[in-house]
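Trainee: Please put together the full structure from these sequences, using the hints given.
Count the sequence shown with UniProt numbering and you get residues 1 to 282, in order.
Just to be clear, a hint being listed does not mean it is correct.
Once the Cα atoms are required to be at most 25 Å apart in a straight line, the calculated SDA-like pairs of lysine to any residue come out as [said to hold, decoys possible]:
| id | residue 1 | residue 2 |
| --- | --- | --- |
| 1 | K209 | P92 |
| 2 | K95 | N78 |
| 3 | K209 | D249 |
| 4 | K209 | A108 |
The set of hints was computed from the structure by calculation and includes no laboratory data.
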Amino acid sequence: MTQPASRPPSDARGDVWVIGDVQGCAGALRALLAHPELSRPDTELWFAGDLVNRGPDSLGALRLIRALGARARAILGNHDLHLLAVAAGVRPPGKSDTFQDILDASDAAELLDWLRHRPLMVRDRGHVMVHAGILPAWTLDQAQALAGEIEAALRQPDWHPALHDLYGEEPLNWDDALRGPDRMRVIVNALTRMRVCHAEDGRMDFHHKGGAHAARGLVPWFDLPGRRDPSEPVVFGHWSALGLHIRPDAICLDTGCVWGRALTALRLRDHRIIQQDCTACR
Numbered sequence: 001m002t003q004p005a006s007r008p009p010s011d012a013r014g015d016v017w018v019i020g021d022v023q024g025c026a027g028a029l030r031a032l033l034a035h036p037e038l039s040r041p042d043t044e045l046w047f048a049g050d051l052v053n054r055g056p057d058s059l060g061a062l063r064l065i066r067a068l069g070a071r072a073r074a075i076l077g078n079h080d081l082h083l084l085a086v087a088a089g090v091r092p093p094g095k096s097d098t099f100q101d102i103l104d105a106s107d108a109a110e111l112l113d114w115l116r117h118r119p120l121m122v123r124d125r126g127h128v129m130v131h132a133g134i135l136p137a138w139t140l141d142q143a144q145a146l147a148g149e150i151e152a153a154l155r156q157p158d159w160h161p162a163l164h165d166l167y168g169e170e171p172l173n174w175d176d177a178l179r180g181p182d183r184m185r186v187i188v189n190a191l192t193r194m195r196v197c198h199a200e201d202g203r204m205d206f207h208h209k210g211g212a213h214a215a216r217g218l219v220p221w222f223d224l225p226g227r228r229d230p231s232e233p234v235v236f237g238h239w240s241a242l243g244l245h246i247r248p249d250a251i252c253l254d255t256g257c258v259w260g261r262a263l264t265a266l267r268l269r270d271h272r273i274i275q276q277d278c279t280a281c282r
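Mentor: Written as structure tokens, this is what we have:
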């Protein structure tokens, strides 16, 4: 299925297509990448995080994306971080995890090393890509610098200890004075887990998992008043209950492939949509 939309400024380079949450649905991803407009060698493919987990073939999905080489720009989502934490012995596997195939693979070390070197934010072509969202208190320059702090910690030779500091819901608000684990948790939670916040003070809420119409007092992060830097559209995933959502400042591409709905790709220059049916992933 395709959907035309308004045309942002063009770029002299090849097209960029952004792909929503794959979550281990390797078959659907292969079918999507076979589309003529995505298979061109000069096409750049961005992946909005959650490459693995919950789907039937996390190993296949990770190998496929890594094999794209320089054509792929993938960011880390909460499920990707969870895989790294389980691999590091920091977190136990969950009952619904489906990435044991990666941990048992002969190339597990190479795949995990590649994964932990992925960024948490991409900013290019007049767009920003994160897995979940950008706190309204942050400028985009600040968000990029803060994402870099986490990326640097995960890229250290001794990267396991950093994962201990990423888990937990507190603090719920950003403060420039935050240091240590509290600082790291807010950064990671905003970039990879946030959906809604309290309208009164911007506190993140991690209990609402439904659509954009949240409980009273809660609003989608992109609707919070006082966003400091809405100058570039933010493309994100993570929110399958919101689904395909395109507006000038915020674009959600998590269309629930792992739940049997669709895997979505969006072309940045004109926001054209291509979707692959994911019935087989359910």
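Trainee: Hint by hint, where does the structure go against what was stated? Just the numbers, ascending.
Mentor: Checked against the structure, the only hint that fails is number 4, while the rest are satisfied.
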